[in-house]
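Note that the numbering used here gives residue 65 to position 45 of the sequence shown, counting from 1, and the numbers run on in steps of one.
Some clues are possibly wrong.
[Said to hold, decoys possible] Okay, the calculated beta carbon distance ranges per label pair:
id, residue 1, residue 2, range
1, Thr50, Pro71, 25 to 33 Å
2, Arg41, Pro71, 27 to 35 Å
3, Glu30, Thr50, 29 to 37 Å
4, Ala68, Ala42, 29 to 37 Å
5, Ala67, Ala42, 28 to 36 Å
6, Glu58, Ser32, 16 to 24 Å
7, Gly48, Pro71, 24 to 32 Å
8, Ala68, Arg41, 24 to 32 Å
9, Ala34, Arg60, 17 to 25 Å
10, Glu57, Glu35, 17 to 25 Å
11, Glu30, Glu58, 13 to 21 Å
12, Ser32, Tyr59, 17 to 25 Å
13, Gln55, Arg31, 18 to 26 Å
Because the hints were derived from the structure by calculation, they are not lab data.
The beta carbon of each residue, even a glycine, is placed where N, CA and C say it ideally should be.
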Amino acid sequence: MSTTVEPLSERSAAEVNEEIRALWLRSGGTLTGEQREEYRRLVLEWAAVAPQSVEAA
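Go ahead and model the full structure; you've got the sequences and the hints to work with.
Printed below as a string of structure tokens:
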């Protein structure tokens with residue numbers, strides 16, 4: 021299994037986050053196997069486009 025994250029779209033992190041939220045709302049809080057795969061894809065997409073946060077030391 022590859023751990024390389026490639027940009028999946030030109031959408032912003034906010035747009036992808038909104039789709040993640042909608043998925044959880046549609047599922048009623050329990051994801052099916054197919055929905056888990058969609059969630060995984062969305063989280064990888066979000067991580068690829070989300071701004072990196074700076075942790076304070």
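Checked hints:
1. Thr50 x Pro71: 25 to 33 Å: Holds, since Thr50 and Pro71 (Cβ atoms, about 30 Å apart) stay within the stated range.
2. Arg41 x Pro71: 27 to 35 Å: violated (18 Å)
3. Glu30 x Thr50: 29 to 37 Å: holds (31 Å)
4. Ala68 x Ala42: 29 to 37 Å: 19 Å Cβ-Cβ, so the 29 to 37 Å window is violated.
5. Ala67 x Ala42: 28 to 36 Å: With a Cβ separation near 18 Å, Ala67 and Ala42 fall outside 28 to 36 Å, so the hint is violated.
6. Glu58 x Ser32: 16 to 24 Å: Distance hint for Glu58, Ser32 holds at roughly 19 Å.
7. Gly48 x Pro71: 24 to 32 Å: holds (31 Å)
8. Ala68 x Arg41: 24 to 32 Å: violated (18 Å)
9. Ala34 x Arg60: 17 to 25 Å: holds (19 Å)
10. Glu57 x Glu35: 17 to 25 Å: Since the Cβ atoms of Glu57 and Glu35 sit about 20 Å apart, the hinted range of 17 to 25 Å holds.
11. Glu30 x Glu58: 13 to 21 Å: Check passed, 19 Å falls within 13 to 21 Å.
12. Ser32 x Tyr59: 17 to 25 Å: holds (18 Å)
13. Gln55 x Arg31: 18 to 26 Å: Hint holds: Cβ distance 19 Å, inside 18 to 26 Å.
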